[in-house]
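Protein chains: 2
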Amino acid sequence: MKTPSPKTTRRGRPARSDQQAEASRSLIVESARKLFAAEGYEGVSMRKIAAIAQCSPAALYTLFPNKRQLLRGIWEELFFELLVQMDGVYASAAAQDRVEAICLAFVDFWLQRQDDYRAIFMIEDRLQGEQDSYFVDSAQVMQRMAIFRRSISEAQARGELRAGDPVEMQNVLLCGVQGIALNLIGMPEVSWGDPDKLKRATIHALITGLR
Amino acid sequence: MKTPSPKTTRRGRPARSDQQAEASRSLIVESARKLFAAEGYEGVSMRKIAAIAQCSPAALYTLFPNKRQLLRGIWEELFFELLVQMDGVYASAAAQDRVEAICLAFVDFWLQRQDDYRAIFMIEDRLQGEQDSYFVDSAQVMQRMAIFRRSISEAQARGELRAGDPVEMQNVLLCGVQGIALNLIGMPEVSWGDPDKLKRATIHALITGLR
Chain A
11 MKTPSPKTTR RGRPARSDQQ AEASRSLIVE SARKLFAAEG YEGVSMRKIA
61 AIAQCSPAAL YTLFPNKRQL LRGIWEELFF ELLVQMDGVY ASAAAQDRVE
111 AICLAFVDFW LQRQDDYRAI FMIEDRLQGE QDSYFVDSAQ VMQRMAIFRR
161 SISEAQARGE LRAGDPVEMQ NVLLCGVQGI ALNLIGMPEV SWGDPDKLKR
211 ATIHALITGL R
Chain B
11 MKTPSPKTTR RGRPARSDQQ AEASRSLIVE SARKLFAAEG YEGVSMRKIA
61 AIAQCSPAAL YTLFPNKRQL LRGIWEELFF ELLVQMDGVY ASAAAQDRVE
111 AICLAFVDFW LQRQDDYRAI FMIEDRLQGE QDSYFVDSAQ VMQRMAIFRR
161 SISEAQARGE LRAGDPVEMQ NVLLCGVQGI ALNLIGMPEV SWGDPDKLKR
211 ATIHALITGL R
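One line per chain: the protein sequences are A and B, in this order. Per the numbering used here, residue 11 is the first one in the first sequence, and the count goes up by one each step. Per the numbering used here, residue 11 is the first one in the second sequence, and the count goes up by one each step.
Calculated directly from the structure, the hints in this document are not laboratory data. Each hint should be verified, as a subset may be incorrect.
Because identical chains cannot be distinguished in the list, a pair is counted as satisfied if it fits within a single copy or across any two copies.
Said to hold, decoys possible - Listed next, the in silico SDA-like pairs over lysine to any residue satisfying Cα-Cα at most 20 Å (straight line):
id	residue 1	residue 2
1	K207	M56
2	K77	E52
3	K77	R35
4	K207	T218
5	K77	E49
6	K207	I195
7	K77	G53
8	K207	R35
9	K207	M152
10	K207	R82
11	K77	Q153
Since the model is a prediction, treat every value here as computed from it, not as a measurement.
Required output: the full structure, derived from the provided sequences and hints.
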């Protein structure tokens, strides 16, 4: 349960408008995102983030009690962008290409944000106490990935994919696309050959295997 | 280029035998592995590793100049175990099941070593200076994954997989198996359903797609 934010501060000043608070929050998240991407999650202090975001450490700690909460803020922002991108692809692709196009969009999203990917995924997501939960909170993330399941169901209805639970098929595809991103971004020294070819071949093999 | 280790110390004592040095190295790597798995890579100091391995910090730093070198030692040890396991699977599986069996063995290896997986893969593998290289050094790792390519080539020769570059097919399969491990171990809060079913369905879809 979230405590509702007080409308006035202890000193009786009126609370800043929601819009101002949101702008300040965005600036902090954006500053942290750039710093984590450039210098790595572990190497960046809360003090440095506050300095770049031009807010006091106290104000930063009020919004984000620790670095991990900031990482969660960045993750949520990126995840929202990813969903918007996949929605756009769904709308613009021909019906029979949608499942493949969404998988490609997922991989491309992270290939275009490799620094963010490393900052977000290549750290240990350890729980910080009992109140904490993983970034990828099951219900929310999976609910919002509905565009995957919708494309799969529609392809099944057209006879392009075999019958089966769309959630299970989505999860199979998510293993594929996550693995492509992990290998290409997390292990850049491996000779993967042409990244574009690997990406397309893997997604194509998976979808063909689900027919 | 590695500097050859001196045969005598500065004080003129005879060097310990290679066997002793190897035993000491193994004990340090094993201690670090347990500590990283239990407490996370970032939370463990070189001093603590030395204490658990019952060696002096100076001796530890001589063998491993920094924590990252230790992580590399652990990674190499695990990778060797993985190769041994895959070789065993190749030897025991029926010919037509080998590609699938090796993929399953790869995933199962990490599912049985989830703490190690998190310690090794879920940190930022940042290069520490120009002399440094990524753990996954292209030539070595990929050369030693020969069992993958051999199984693929043999399946092609029997007509069970379509013609094509075995290296490219290996890389496609590696994306799949890495993604399964990443999702199941790195995002345990996502409702993936039965892990065994997801693992088998993903590998099966990939191999079917390569037929």
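The hints, checked one at a time:
no. : hint           : result
1   : K207 with M56  : neither (40 Å within a copy, 42 Å between copies)
2   : K77 with E52   : both (9 Å within a copy, 14 Å between copies)
3   : K77 with R35   : within (14 Å within a copy, 35 Å between copies)
4   : K207 with T218 : both (16 Å within a copy, 19 Å between copies)
5   : K77 with E49   : both (14 Å within a copy, 18 Å between copies)
6   : K207 with I195 : within (15 Å within a copy, 27 Å between copies)
7   : K77 with G53   : both (11 Å within a copy, 15 Å between copies)
8   : K207 with R35  : neither (39 Å within a copy, 41 Å between copies)
9   : K207 with M152 : between (28 Å within a copy, 18 Å between copies)
10  : K207 with R82  : neither (32 Å within a copy, 30 Å between copies)
11  : K77 with Q153  : neither (26 Å within a copy, 40 Å between copies)
Hints 1, 8, 10 and 11, counting from the list given before, are not met by this structure.
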